[in-house]
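Chemist: Let the sequences and hints guide you as you build the complete structure.
In case you want the letters, here they are:
Protein chains: 2
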Amino acid sequence: MDIQNFSSSLVDTLRQRRQRLAARIDFPAILWSGSSSPRNYPANVYRFRASSHFLYFAGLPLSNAAIRLEAGKLTLFMDDPAPSSALWHGEMPKREEIAQAIGADAAFAIAELESYLEGAATIAVQDAATWTQQSQLLNRWVLPQNQLQGIDLELAKAIVELRLTHDAGALAELRKAAAVTVEAHKAGMAATVNAKIEAQVRGAMEKVIIAHNMTTSYNSIVTVHGEVLHNEQYHHSLQPDDLLLADVGAETEMGWAADVTRTWPVTGKFSSTQRDIYDVVLAAHDACIAKIRPGVEYGEIHLLACTVIAEGLVDLGILQGQPEDLVERDVHSLFFPHGIGHLVGLDVHDMEDLGDLAGYEQGRKRSDRFGLSYLRLNRPLRAGMLVTIEPGFYQVPAILNNSELRSRYQYTVNWERLSEFADVRGIRIEDDVLVTEQGSEVLTVALPTDASAVEELVSG
Amino acid sequence: MDIQNFSSSLVDTLRQRRQRLAARIDFPAILWSGSSSPRNYPANVYRFRASSHFLYFAGLPLSNAAIRLEAGKLTLFMDDPAPSSALWHGEMPKREEIAQAIGADAAFAIAELESYLEGAATIAVQDAATWTQQSQLLNRWVLPQNQLQGIDLELAKAIVELRLTHDAGALAELRKAAAVTVEAHKAGMAATVNAKIEAQVRGAMEKVIIAHNMTTSYNSIVTVHGEVLHNEQYHHSLQPDDLLLADVGAETEMGWAADVTRTWPVTGKFSSTQRDIYDVVLAAHDACIAKIRPGVEYGEIHLLACTVIAEGLVDLGILQGQPEDLVERDVHSLFFPHGIGHLVGLDVHDMEDLGDLAGYEQGRKRSDRFGLSYLRLNRPLRAGMLVTIEPGFYQVPAILNNSELRSRYQYTVNWERLSEFADVRGIRIEDDVLVTEQGSEVLTVALPTDASAVEELVSG
Ligand SMILES: [Mn+2]
Ligand SMILES: [Mn+2]
Chain P
1 MDIQNFSSSL
11 VDTLRQRRQR
21 LAARIDFPAI
31 LWSGSSSPRN
41 YPANVYRFRA
51 SSHFLYFAGL
61 PLSNAAIRLE
71 AGKLTLFMDD
81 PAPSSALWHG
91 EMPKREEIAQ
101 AIGADAAFAI
111 AELESYLEGA
121 ATIAVQDAAT
131 WTQQSQLLNR
141 WVLPQNQLQG
151 IDLELAKAIV
161 ELRLTHDAGA
171 LAELRKAAAV
181 TVEAHKAGMA
191 ATVNAKIEAQ
201 VRGAMEKVII
211 AHNMTTSYNS
221 IVTVHGEVLH
231 NEQYHHSLQP
241 DDLLLADVGA
251 ETEMGWAADV
261 TRTWPVTGKF
271 SSTQRDIYDV
281 VLAAHDACIA
291 KIRPGVEYGE
301 IHLLACTVIA
311 EGLVDLGILQ
321 GQPEDLVERD
331 VHSLFFPHGI
341 GHLVGLDVHD
351 MEDLGDLAGY
361 EQGRKRSDRF
371 GLSYLRLNRP
381 LRAGMLVTIE
391 PGFYQVPAIL
401 NNSELRSRYQ
411 YTVNWERLSE
421 FADVRGIRIE
431 DDVLVTEQGS
441 EVLTVALPTD
451 ASAVEELVSG
Chain C
1 MDIQNFSSSL
11 VDTLRQRRQR
21 LAARIDFPAI
31 LWSGSSSPRN
41 YPANVYRFRA
51 SSHFLYFAGL
61 PLSNAAIRLE
71 AGKLTLFMDD
81 PAPSSALWHG
91 EMPKREEIAQ
101 AIGADAAFAI
111 AELESYLEGA
121 ATIAVQDAAT
131 WTQQSQLLNR
141 WVLPQNQLQG
151 IDLELAKAIV
161 ELRLTHDAGA
171 LAELRKAAAV
181 TVEAHKAGMA
191 ATVNAKIEAQ
201 VRGAMEKVII
211 AHNMTTSYNS
221 IVTVHGEVLH
231 NEQYHHSLQP
241 DDLLLADVGA
251 ETEMGWAADV
261 TRTWPVTGKF
271 SSTQRDIYDV
281 VLAAHDACIA
291 KIRPGVEYGE
301 IHLLACTVIA
311 EGLVDLGILQ
321 GQPEDLVERD
331 VHSLFFPHGI
341 GHLVGLDVHD
351 MEDLGDLAGY
361 EQGRKRSDRF
371 GLSYLRLNRP
381 LRAGMLVTIE
391 PGFYQVPAIL
401 NNSELRSRYQ
411 YTVNWERLSE
421 FADVRGIRIE
431 DDVLVTEQGS
441 EVLTVALPTD
451 ASAVEELVSG
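Chain order of the listed sequences is P and C. Take 1 as the starting number for the first sequence in full-length UniProt numbering and just add one per residue. Take 1 as the starting number for the second sequence in full-length UniProt numbering and just add one per residue.
Hints listed in this document are in silico derivations from the structure and should not be mistaken for laboratory results. Mixed in with the good hints there might be a few duds.
Note that identical chains are pooled: a pair holds if it fits in a single copy or bridges any two copies.
Computed cross-link-like contacts, DSSO-like style, restricted to lysine-lysine with a CA-CA straight-line distance of at most 27 Å [as the list claims (entries may be wrong)]:
{"#": "1", "residue 1": "Lys291", "residue 2": "Lys365"}
{"#": "2", "residue 1": "Lys186", "residue 2": "Lys196"}
{"#": "3", "residue 1": "Lys176", "residue 2": "Lys196"}
{"#": "4", "residue 1": "Lys269", "residue 2": "Lys73"}
{"#": "5", "residue 1": "Lys73", "residue 2": "Lys94"}
{"#": "6", "residue 1": "Lys186", "residue 2": "Lys269"}
{"#": "7", "residue 1": "Lys365", "residue 2": "Lys94"}
{"#": "8", "residue 1": "Lys73", "residue 2": "Lys157"}
{"#": "9", "residue 1": "Lys157", "residue 2": "Lys94"}
Being a predicted model, the structure only gives us computed values, none of them experimental.
Modeler: What follows is the structure, encoded as structure tokens:
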């Protein structure tokens, strides 16, 4: 991390964030950055990721640090690197330099934190070494899996209100993540025709992200088995009639994410059945984006996607009935079993560490309806929110071979007609869409969605 | 993971390993695989790495599993995937299929493990969720940072004896890791002339590793500031008189590592001062490898590197005196402050989770001498060991500007002459060398070390 690289606007951004927090809570908050998680031995660690709540208010991916926020003031707690660390890690920025870069009002060694804990709320970080420390210092259980209570819950709610909509500083980072993600997908498309296995396409895509000094914001999905929703296998060979589904996103050095999916034919040419279904998914994608504006319920957008998909499948003869009826009976969920999307920010599923506190409007709970239980966002949209729109069509054996579902939808699905679409195992089209005062802006618009344009990028 | 891909020889390899273990201990051992470590929220995890001890005896990178080893028998404990997981993760191999693939004598659900704990030794894994379980189940503290005691210590010593030398199954994997690592370095060299920042070279290298469905075995070092030994920054721009130091290694799907460093001029042409120092480091590298054979003390090889480096620096007029005297006085450590290498296996610093139990012959302790304290391996070599040989030359400001060291070596170093070598901040040449009955075999020999050959790979 080269702190000279950060613009002076960071100081202003952070000051505004903590003032907005101060307007919502009247107690101090202490946020820990977390520390590295060991991989196979203590010195061989996973590449460190600072806690998102810490990043939001501290701006920099520091490790083994904490900040105290109270009444708009920021106090930084971190140790200067030990003199011996210079040999292994070089000259690292000192506490005072960091304090200046982030506009801290005071800065102390981490041991001083003990004297600043009284009445402070916090949120658990993810690594065990730090949450053990959090619990010991605050003398109460602070564990990621604990239900939030008392002032910790109040703090979480206040942070959710802030992080739900993005300020200019956040948007600048989110745009960077989106731009690099677009390039990564283009590189993946261009690399496919000559690739023999999925891993080679993944390599071409992640190369772009690494080359921009970013990381992936989640474990990439690059697969010819798109019907496996969270497929993290990359060893399958590419066959001529395969579609490749790539769900790959970049994360900036400061932790801001993108989340994009495209599906393309490995030969550069969709079959007619693949293209038919692709166009149904794309119609849902476009309709949802067209509907996005402040005030619209995200749940309505989800239902719109379901309806457009049902309509398309009726037109193709795969479903039988009135689209609205089909959606009411959850028939679309046979092929589109997940939600239309989620919040994006410092986390690719933003603030998911807080359960549904961010995703669900207060008082709302997850539905247990087959088609709705996976919906991660259920709120009216606000200007400044960044959400994904990611409709899909999948032939999931675990669903389509389920005898209960098959008999429930025996006459609704034309199973024989469906069998003609066997070369469509999984298609998803996902973009990151900013809710604006006027409607929406697709941050990832530079990556084509049109089937012919995608074919061209693959064929080169 | 596609278990069909594994050769039937895995079963034999694993059987032999547990029989060798049974010959050394007369109590049962239970080894946990570990589970995923959360990154920024529980469902966003670092890419899972199974515990190396588990991998050694279980062969496959299972998560949330355990094995019991007793008298040459293997019992597998893992749950079948929940039916609902098929939607998200696809059809995963069932317990019985895994049991067959690894030649288990019995297989049970993980809950059954409770009944098989009596008198069993174990070793702590790295993730908190699992070591908490280990402690609860065994009713004693099993923590990675704890000193090993009793049967746990006996188990660790027995495992060290096995893992110190590699069987044919291990070697096949280690050769795969080495081969991909060689390709990654060649790609890095070829990408440098057109790269503007370090991250672009890193991207070109890791692309190769990802494309082979492997991971990096440690966080890559790709830097024009090679004098920072564990530099994990990649944002620096490449300047015409820079050397680029790349310490990058692949790890196979089954967890076996490679660890290779090369240093090359970003223009494709070493300056004469850079080449002079490069050739000194290379002379040390070659002399050490030539000396490797069973029975030779690794510490002697370290001292040989020190002597060759001292000689070379005397020849260049940077040091003054007799090389042996200089080494005795630790003068070489001003420029070569780390050890000549370490064990490589399932861990890039093999078995470092056990402290110095693997690296140091029983009864030996780390030296507190400036030049020796970082030596990670201090044993007589045995056929079947894989070690790195990685001499280097660095101008570390924290060392060379240290006033105590400067005055101690005031007349030994020709500081004025040294200043002519300002364009050499850090050079390291590292290969993975197998100790054979006849002497040694460099697994990474396909990657040139000769300065002219390196220049050619960079210039293309
Ligand atoms: Mn998404
Ligand atoms: Mn090494």
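Chemist: Now, for every hint given, state plainly whether the structure supports it.
Modeler: Okay, the hints, checked on the actual structure:
1. Proximity of Lys291 and Lys365 under a CA criterion of 27 Å is satisfied intra-copy only: 24 Å inside one chain copy versus 69 Å between copies.
2. In the homo-oligomer, the alpha carbons of Lys186 and Lys196 lie at most 27 Å apart both inside one protomer (18 Å) and across protomers (21 Å), since each shortest distance falls under that limit.
3. Only between protomers do Lys176 and Lys196 lie at most 27 Å apart by alpha-carbon distance; the minimum there is 18 Å, versus 31 Å within a single protomer.
4. Proximity of Lys269 and Lys73 under a CA criterion of 27 Å is satisfied in neither setting, with 58 Å inside one chain copy and 53 Å between copies.
5. Within a single copy, Lys73 and Lys94 get their C-alpha atoms as close as 20 Å, which meets the 27 Å cut-off; across copies the closest is 55 Å, which misses it.
6. Taking the shortest alpha-carbon separations for Lys186 and Lys269, only the intra-copy value of 16 Å comes in at or below 27 Å, while the best inter-copy value is 34 Å.
7. Taking the shortest Cα distances, Lys365 and Lys94 never come within 27 Å of each other, neither inside one copy (46 Å) nor across copies (34 Å).
8. Taking CA atoms no more than 27 Å apart as the test, Lys73 paired with Lys157 passes inside one copy only; the shortest distance there is 20 Å, against 53 Å between copies.
9. With identical chains, the CA atoms of Lys157 and Lys94 are never at most 27 Å apart, being 33 Å at best within one copy and 42 Å at best between copies.
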